[in-house]
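Whole structure, please, built from the sequences with the hints as guidance.
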Amino acid sequence: LEWQVWAHRGNSRFEYEETGCVIGDCRVSLRRRWNYENSVAAVVCNVASGSSASNPSLSQTRPREEPLTEVELKAVLEYTLVRLYRGEPQPTSRVCALRALRRVGHGPTSAAIDSALAQLAEYQVVSTILPVCQLNHPNIFLSLWALRH
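The numbering used here applies: residue 613 is where the sequence shown begins, and numbers increase by one.
None of the hints are false.
Now the in silico label distances, taken between C-beta atoms and shown as ranges:
#1 Cys-745 x Tyr-648: 37 to 47 angstroms
#2 Val-744 x Thr-681: 13 to 23 angstroms
#3 Val-634 x Arg-698: 16 to 26 angstroms
#4 Val-652 x Glu-630: 17 to 27 angstroms
#5 Gly-717 x Asn-650: 30 to 40 angstroms
Derived from the structure by calculation, the hints contain no laboratory data. From the three backbone atoms N, C-alpha and C, an ideal C-beta is built for every residue, glycine too.
Now the structure itself:
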């Protein structure tokens, strides 16, 4: 509940932005919040196959066995971390906490996520990977929450 209140767009003590991109066949949508001093930042990144996560229709395309290749998964994680650390001098010694909610049977495995994070050694990431049955939209198969302070 704390996260929801802090990250809510109506919280005027923090800046807010929404961005997104397409990586492979997947749509990546990201919401970022940070305080005015940029000493605290948080992102929520959802990765969806087929149609947009905001579009209520389900994807009509047949999903690939693995929606993201190893290179694409690394690109998603890097995009998320770059946005999280935006405005922070690089390299930084700040550690970030990252939670990856992966939909069981519909996305990268925990081992694949760990492997991709290991390739991003320039970021100090403490990760928790949680398998879930469902995310907030049927097309979303990976949700990343990250906090840096």
